[in-house]
Each structure stands twice: as structure tokens, then as C-alpha cells.
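Residues per chain are reported as follows:
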Amino acid sequence: MIRLLLAALLFASPALAQRSGYDDASVQTRAMQDDDSANPGFLWVRHGEELWSQPTGTAGKSCANCHNAPDTLRNVAARYPAWDATLARPITLVQRINRCRESHQGTTALAPDNDIMLALSALVGLQSRGTKIVVANDGPLAPFLADGARLFRQRQGQLNLSCANCHDDRAGQRLGGSIIPEGHANGYPQYRLEWQGLGSFNRRLRSCLIGVRAEPYGPASAEAVAIELYLMQRAGGLTVETPSVRP
Amino acid sequence: MAIATPRVRLPAIAKKGDIIEIKTLISHDMESGQRRDSAGVVVPRKIIKLFEAQFNGRPVFSADWNPSVSANPYQSFFARVEESGTFEFAWTDDDGTVTKTTAKITVA
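One line per chain: the protein sequences are A and B, in this order.
Throughout the first sequence, residue numbering follows our numbering, covering 683 to 929 in sequence.
Throughout the second sequence, residue numbering follows our numbering, covering 105 to 212 in sequence.
Don't read these hints as lab results, they were simulated from the structure.
Bear in mind that the values here come from a model prediction, so they are computed numbers and not experimental data.
Note that beta-carbon positions come from the ideal geometry of N, C-alpha and C, so glycine has one too.
Check before you lean on any hint, since a few could be wrong.
[As the list claims (entries may be wrong)] With beta-carbon atoms standing in for the labels, derived distance ranges:
{"id": "1", "chain 1": "A", "residue 1": "ASP716", "chain 2": "B", "residue 2": "SER166", "range": "26 to 34 Å"}
{"id": "2", "chain 1": "B", "residue 1": "ARG140", "chain 2": "A", "residue 2": "ASN757", "range": "18 to 26 Å"}
{"id": "3", "chain 1": "A", "residue 1": "ALA818", "chain 2": "B", "residue 2": "GLY161", "range": "56 to 64 Å"}
{"id": "4", "chain 1": "A", "residue 1": "ARG781", "chain 2": "B", "residue 2": "ASP122", "range": "48 to 56 Å"}
{"id": "5", "chain 1": "B", "residue 1": "GLY161", "chain 2": "A", "residue 2": "ARG856", "range": "47 to 55 Å"}
{"id": "6", "chain 1": "B", "residue 1": "ARG140", "chain 2": "A", "residue 2": "GLY893", "range": "16 to 24 Å"}
{"id": "7", "chain 1": "A", "residue 1": "GLU905", "chain 2": "B", "residue 2": "THR205", "range": "39 to 47 Å"}
{"id": "8", "chain 1": "B", "residue 1": "GLY161", "chain 2": "A", "residue 2": "GLY742", "range": "40 to 48 Å"}
{"id": "9", "chain 1": "A", "residue 1": "ARG781", "chain 2": "B", "residue 2": "ARG162", "range": "52 to 60 Å"}
{"id": "10", "chain 1": "A", "residue 1": "GLY742", "chain 2": "B", "residue 2": "LYS120", "range": "46 to 54 Å"}
{"id": "11", "chain 1": "A", "residue 1": "ARG852", "chain 2": "B", "residue 2": "GLU135", "range": "30 to 38 Å"}
{"id": "12", "chain 1": "A", "residue 1": "GLU732", "chain 2": "B", "residue 2": "ASP198", "range": "24 to 32 Å"}
{"id": "13", "chain 1": "B", "residue 1": "ALA167", "chain 2": "A", "residue 2": "GLY739", "range": "36 to 44 Å"}
{"id": "14", "chain 1": "B", "residue 1": "ARG149", "chain 2": "A", "residue 2": "GLY812", "range": "37 to 45 Å"}
[Claimed, not checked] Heads up, incomplete: computed chain B residues facing chain A, CB under 10 Å, no partners named:
{"id": "15", "residue": "ARG113"}
{"id": "16", "residue": "ILE117"}
{"id": "17", "residue": "ILE124"}
{"id": "18", "residue": "THR128"}
{"id": "19", "residue": "ASP133"}
{"id": "20", "residue": "GLN138"}
Construct the entire structure; sequences and hints are all you get.
And the structure:
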């Protein structure tokens, strides 16, 4: 019985203890995120609204030609990375937008931190703000999720640290002057005061990996997608905060 | 973001004599002139040095901004409105470029 209780507690505790980076941010930073007219991420959202109806590429189609208004993509960001049957692997929201650009619009794929991609992904992400993250964890996604979980616990770099060393084991403690967040990917693209700009999940991942003196994963690499998949699954239950503001 | 795009928020309707809050946000790199690029060359300063707001042609608020102001600067201020009219906002760059926008308010 005690064992059963303990197992139940252990199973339930990650969900109970989940803390968005928002909860660790200062009052001022939170106020910035809460007020859409003060949140600088909305500069990109507005740019995205302009781009939404602009035809581009050889097909001469805009996002609006297929999707109508952006709010038809409501809640979509809350379930990405998702399985792509054609490619037979999970893809991120950025990759999904790029697939649209390449196959439907006839234009080039963009890097996650390209201003156009940031604007579009911020606009699409915003449509899911407040929605609980639910990323599928079964079926064909399972091995990729396991990969992500393994990479999350894999020690690497000259400092020989894994993601879990900080974001699971020492979350809430301090690194220098800053609180170590739990590392939930629930608000990307994200406006970081440190960056003085909006940045993608891949940019954040790169900063962490460079921080432990490891070789960063490429934005389209299988590792980066697996980690994003694992992190979004781990953040399940938290709500999407795009475009979030962090210190 | 290279292009300066301003966002302004204020109430559409107010009562005569009301004190309203006006919030403004503009995308700008606010390059301080203190940084060096990867080749060690100083990145020249390029900031918005002046923010001005007028109401029906009369100045109501202005601010000098300095190199320590962060990128994508946010400025809010309060003003008492006595009549309907138009707010005009102007952000003046180091190189003389002026970005302008307007917003209307109806005073009942």
C-alpha cells in the first residue's frame, strides 16, 4: 500500500511541481508579458499579421489563401512537435511552417531565427495562448520521445553537465544571480531581455549547450527535434504563453 | 527587426477631463555604440534619441533617450484630455529619420 502510494506520488509529483519560467520571473518581467501593449513580442506578431496575407513564392499564395484567418490555427501550437506521416518523423512548428512554404507556396525554408519565421511562428503560437500543452506521446512518436528523454539526461560538453542536472535536479536554485527555471518550452518564440529580441527554442537550446561547452545541435537536426518533443511533452499541462517574456 | 514599426495603445473614448494612459512601443535595435563586432570594430551608435507626442498640434510629452535605453523601447505617459482629437507620435533617430504614427481619441 505504502509502495503504491509512493509510486502514485512519484508519478504525480512532476505534474504538481511544474513551474513555468513565468513564475520565476520578476514582477516587472511578468507585467511586461501580461500587457500586450508592453510585450515587445507583439512587434513580431504584428509583422506576422502583415505577412499572413502577403503572397510569396512561385505559387503566389499567401498563408491566408489556405488558412483564412490566423485563428483557424487555434490550439495548433499546443500539440507540436507532431508526427508528419509523409516524412515519417516528428516535426516542429517551425518545420511545419517551412513545409508549407516549400510545398504550397514554392519558396525557401527559413532558419528558426529569421525575422520572417519569428514573426510567423509568433503569430501562430499566439493563437494557442492559454491552451494546455498536449503533445502525443504514443504510437510512432514514442521512440523519438525516448531519444529526447535520453539526450536530456546525457552529460555532455567540457563541463560534463546534462540538461537534467540543472533543470530537473537544481531547478529553483540559483546559477549566479539567476533562478534556474525548470526549462519548459511553453512560450516560444520568446522575448528575452538578455537577447533584446525575440528568439526561437533553438536559440535557447544553443545558448544552453554553448554554456556547458558542448557542440550545439543544428536547428533541423534530429537531436534538436527530439529534445523539443521531449520538453513539450514534459511541459504537458502548462499553458502556451507565446510570445513569453523572460529575463 | 530592421524596420521601425510603432505600436500605440490608448482608450478610444474618454470623458472630458479624464487622465488617460498612453502606451507606445517601437521596434528598434538601439545600438549603443559601446559594442564591438566579431572583428573588433566598434558598431556605430544608432539609437532613437528623441520621442515626442503632440495632441492637436500642441506638444504634450517628450523624452530624450540615451544609449542605455534597451532595444524595442516602451514608453508610457499620462495626459489629461479636454477635447476630441488626434495624438501624433514621433520617434527621431540618430541619423535624422523620423518614424511617425497617429491615434484618435473621442472625448464625450
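Okay, the hints, checked on the actual structure:
Under the hint 26 to 34 Å, the C-beta atoms of ASP716 (chain A) and SER166 (chain B), about 28 Å apart, fit the expected range. Distance hint for ARG140 (chain B) and ASN757 (chain A): a CB-CB separation of about 45 Å, inconsistent with the stated range 18 to 26 Å. Take ALA818 (chain A) and GLY161 (chain B): their Cβ atoms lie about 59 Å apart, and the range 56 to 64 Å holds. In this structure the supplied range 48 to 56 Å holds for ARG781 (chain A) paired with ASP122 (chain B), their Cβ-Cβ distance being about 50 Å.
Between GLY161 (chain B) and ARG856 (chain A) the Cβ separation comes to about 53 Å, which falls inside the hinted range of 47 to 55 Å. A C-beta distance of roughly 22 Å is found between ARG140 (chain B) and GLY893 (chain A), which places it inside the suggested range of 16 to 24 Å. Distance hint for GLU905 (chain A) and THR205 (chain B): a CB-CB separation of about 44 Å, consistent with the stated range 39 to 47 Å. Between GLY161 (chain B) and GLY742 (chain A) the beta carbons are some 44 Å apart, a value that agrees with the proposed interval 40 to 48 Å.
For ARG781 (chain A) and ARG162 (chain B), the hinted distance range of 52 to 60 Å is satisfied, since their beta carbons lie about 53 Å from each other. Remark: the range hint 46 to 54 Å for GLY742 (chain A) to LYS120 (chain B) is upheld by a beta-carbon distance near 51 Å. Distance hint for ARG852 (chain A) and GLU135 (chain B): a CB-CB separation of about 36 Å, consistent with the stated range 30 to 38 Å. The supplied range of 24 to 32 Å is met by GLU732 (chain A) and ASP198 (chain B), whose beta-carbon atoms lie about 26 Å from each other.
Taking the beta carbon of each, ALA167 (chain B) and GLY739 (chain A) are about 42 Å apart, inside 36 to 44 Å as hinted. Checked against the hint of 37 to 45 Å, the pair ARG149 (chain B) and GLY812 (chain A) passes, with Cβ atoms roughly 40 Å apart. Checking ARG113 (chain B) against chain A: minimum C-beta separation of about 4 Å stays under 10 Å; hint holds. The criterion of a C-beta within 10 Å of any C-beta in chain A is not met by ILE117 (chain B), whose closest approach is roughly 17 Å, and the hint is violated.
Proximity of ILE124 (chain B) to chain A is violated relative to the hint, the smallest CB-CB distance being about 13 Å (cut-off 10 Å). The restraint placing THR128 (chain B) at the interface with chain A holds, with a minimum CB-CB distance near 8 Å, inside the 10 Å limit. Here the hint on ASP133 (chain B) is kept, as its CB sits about 8 Å from the closest CB of chain A, short of 10 Å. The restraint placing GLN138 (chain B) at the interface with chain A is violated, with a minimum CB-CB distance near 13 Å, outside the 10 Å limit.
When each numbered hint is compared with the structure, violations occur for hints 2, 16, 17, 20.
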